[in-house]
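Sequence lines, in order, name chains A and B. Residues 1 to 112 in my numbering are what the first sequence lists, from first letter to last. Residues 113 to 227 in my numbering are what the second sequence lists, from first letter to last.
In case anyone wonders, no lab produced these hints; they're calculated from the structure. Each hint should be verified, as a subset may be incorrect.
[Stated by the list, open to error] Now the in silico label distances, taken between C-beta atoms and shown as ranges:
| no. | chain 1 | residue 1 | chain 2 | residue 2 | range |
| --- | --- | --- | --- | --- | --- |
| 1 | B | Gly128 | A | Pro10 | 21 to 27 angstroms |
| 2 | B | Lys129 | A | Asn55 | 28 to 34 angstroms |
| 3 | A | Asn22 | B | Thr198 | 38 to 44 angstroms |
| 4 | B | Tyr162 | A | Glu5 | 40 to 46 angstroms |
| 5 | A | Ser82 | B | Leu172 | 40 to 46 angstroms |
| 6 | A | Gly54 | B | Lys129 | 48 to 54 angstroms |
[As the list claims (entries may be wrong)] Only pairs whose alpha carbons sit at most 30 angstroms apart, straight line, appear in this in silico DSS-like list of lysine-lysine:
| no. | chain 1 | residue 1 | chain 2 | residue 2 |
| --- | --- | --- | --- | --- |
| 7 | A | Lys42 | B | Lys130 |
| 8 | B | Lys169 | A | Lys111 |
| 9 | A | Lys2 | B | Lys129 |
| 10 | B | Lys129 | B | Lys143 |
| 11 | B | Lys129 | B | Lys169 |
| 12 | A | Lys99 | B | Lys169 |
| 13 | A | Lys70 | B | Lys169 |
| 14 | B | Lys143 | B | Lys169 |
| 15 | A | Lys56 | A | Lys111 |
| 16 | B | Lys130 | A | Lys2 |
| 17 | A | Lys99 | B | Lys143 |
| 18 | A | Lys2 | A | Lys67 |
| 19 | B | Lys130 | A | Lys56 |
| 20 | A | Lys56 | B | Lys169 |
| 21 | A | Lys42 | A | Lys56 |
| 22 | A | Lys56 | A | Lys67 |
| 23 | B | Lys129 | A | Lys56 |
| 24 | A | Lys99 | A | Lys42 |
| 25 | A | Lys42 | A | Lys2 |
| 26 | A | Lys99 | A | Lys56 |
| 27 | A | Lys2 | A | Lys56 |
| 28 | B | Lys129 | A | Lys67 |
| 29 | A | Lys70 | A | Lys2 |
| 30 | A | Lys70 | A | Lys56 |
| 31 | B | Lys130 | A | Lys70 |
| 32 | A | Lys111 | A | Lys42 |
[Said to hold, decoys possible] Partial chain B-side listing against chain A, Cβ under 7 angstroms, derived:
| no. | residue |
| --- | --- |
| 33 | Asp150 |
| 34 | Phe218 |
| 35 | Pro220 |
| 36 | Leu224 |
| 37 | Thr225 |
Note that the Cβ used here is the ideal one computed from N, Cα and C, for glycine as well.
Okay, here's what each chain looks like letter by letter:
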Amino acid sequence: QKEVEQDPGPLSVPEGAIVSLNCTYSNSAFQYFMWYRQYSRKGPELLMYTYSSGNKEDGRFTAQVDKSSKYISLFIRDSQPSDSATYLCAMTGNTGGFKTIFGAGTRLFVKA
Amino acid sequence: EADIYQTPRYLVIGTGKKITLECSQTMGHDKMYWYQQDPGMELHLIHYSYGVNSTEKGDLSSESTVSRIRTEHFPLTLESARPSHTSQYLCASSGSGGVLTDTQYFGPGTRLTVL
Numbered sequence: 001q002k003e004v005e006q007d008p009g010p011l012s013v014p015e016g017a018i019v020s021l022n023c024t025y026s027n028s029a030f031q032y033f034m035w036y037r038q039y040s041r042k043g044p045e046l047l048m049y050t051y052s053s054g055n056k057e058d059g060r061f062t063a064q065v066d067k068s069s070k071y072i073s074l075f076i077r078d079s080q081p082s083d084s085a086t087y088l089c090a091m092t093g094n095t096g097g098f099k100t101i102f103g104a105g106t107r108l109f110v111k112a
Numbered sequence: 113e114a115d116i117y118q119t120p121r122y123l124v125i126g127t128g129k130k131i132t133l134e135c136s137q138t139m140g141h142d143k144m145y146w147y148q149q150d151p152g153m154e155l156h157l158i159h160y161s162y163g164v165n166s167t168e169k170g171d172l173s174s175e176s177t178v179s180r181i182r183t184e185h186f187p188l189t190l191e192s193a194r195p196s197h198t199s200q201y202l203c204a205s206s207g208s209g210g211v212l213t214d215t216q217y218f219g220p221g222t223r224l225t226v227l
């Protein structure tokens, strides 16, 4: 079983829709959770990070962590065609050595 | 904005050639990483470094080698390229904001094709 599971998609939505992207994980030692956005032919760029459980909002983006369910989410409000990219979740913690584990990424298409 | 650079961006070579993928960062980060990324797959860590003269192999078995002679430079070398090495190679670096906030910043990647 993978440590981090992420639906690869693709997910296709109309412009203006609310997008929900999710990851599940198995290791309860993970404490720091990140979302990266990767455009085609580019490297991943950090979008948001959260520590432990709770919500964090940044403009149209909201990151949510539910440690009891080992489930994290990224919500995108009023989605734009420029949001079309692959979104990777990542997490780290004291797992016997601090190492960042990445999900496989969800490919998102926002149609104008 | 992260300042981490990779060259070349694209490389097509024949089997058996020796190649070096360059990675440099101007942020003074101690930690640097090399990942391999294939379509639809998670990033696989192949090498990392915690500082000058410190290098470790990652989880994914790799026939490549790395060196860290200078803080800003972390090149990856394949002595004899094979078609199985065809992939996207991503370099990343992170600073010392405490291990739980050790956010990695990525370069644009090198897309390698071995014929």
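Results of checking the hints against the structure:
| no. | hint | result |
| --- | --- | --- |
| 1 | Gly128(B) to Pro10(A): 21 to 27 angstroms | 37 angstroms, violated |
| 2 | Lys129(B) to Asn55(A): 28 to 34 angstroms | 50 angstroms, violated |
| 3 | Asn22(A) to Thr198(B): 38 to 44 angstroms | 31 angstroms, violated |
| 4 | Tyr162(B) to Glu5(A): 40 to 46 angstroms | 29 angstroms, violated |
| 5 | Ser82(A) to Leu172(B): 40 to 46 angstroms | 32 angstroms, violated |
| 6 | Gly54(A) to Lys129(B): 48 to 54 angstroms | 50 angstroms, holds |
| 7 | Lys42(A) to Lys130(B) | 25 angstroms, holds |
| 8 | Lys169(B) to Lys111(A) | 42 angstroms, violated |
| 9 | Lys2(A) to Lys129(B) | 34 angstroms, violated |
| 10 | Lys129(B) to Lys143(B) | 29 angstroms, holds |
| 11 | Lys129(B) to Lys169(B) | 22 angstroms, holds |
| 12 | Lys99(A) to Lys169(B) | 13 angstroms, holds |
| 13 | Lys70(A) to Lys169(B) | 29 angstroms, holds |
| 14 | Lys143(B) to Lys169(B) | 14 angstroms, holds |
| 15 | Lys56(A) to Lys111(A) | 26 angstroms, holds |
| 16 | Lys130(B) to Lys2(A) | 33 angstroms, violated |
| 17 | Lys99(A) to Lys143(B) | 12 angstroms, holds |
| 18 | Lys2(A) to Lys67(A) | 17 angstroms, holds |
| 19 | Lys130(B) to Lys56(A) | 46 angstroms, violated |
| 20 | Lys56(A) to Lys169(B) | 34 angstroms, violated |
| 21 | Lys42(A) to Lys56(A) | 26 angstroms, holds |
| 22 | Lys56(A) to Lys67(A) | 14 angstroms, holds |
| 23 | Lys129(B) to Lys56(A) | 48 angstroms, violated |
| 24 | Lys99(A) to Lys42(A) | 23 angstroms, holds |
| 25 | Lys42(A) to Lys2(A) | 25 angstroms, holds |
| 26 | Lys99(A) to Lys56(A) | 23 angstroms, holds |
| 27 | Lys2(A) to Lys56(A) | 26 angstroms, holds |
| 28 | Lys129(B) to Lys67(A) | 48 angstroms, violated |
| 29 | Lys70(A) to Lys2(A) | 13 angstroms, holds |
| 30 | Lys70(A) to Lys56(A) | 17 angstroms, holds |
| 31 | Lys130(B) to Lys70(A) | 44 angstroms, violated |
| 32 | Lys111(A) to Lys42(A) | 21 angstroms, holds |
| 33 | Asp150 | 10 angstroms, violated |
| 34 | Phe218 | 3 angstroms, holds |
| 35 | Pro220 | 5 angstroms, holds |
| 36 | Leu224 | 13 angstroms, violated |
| 37 | Thr225 | 14 angstroms, violated |
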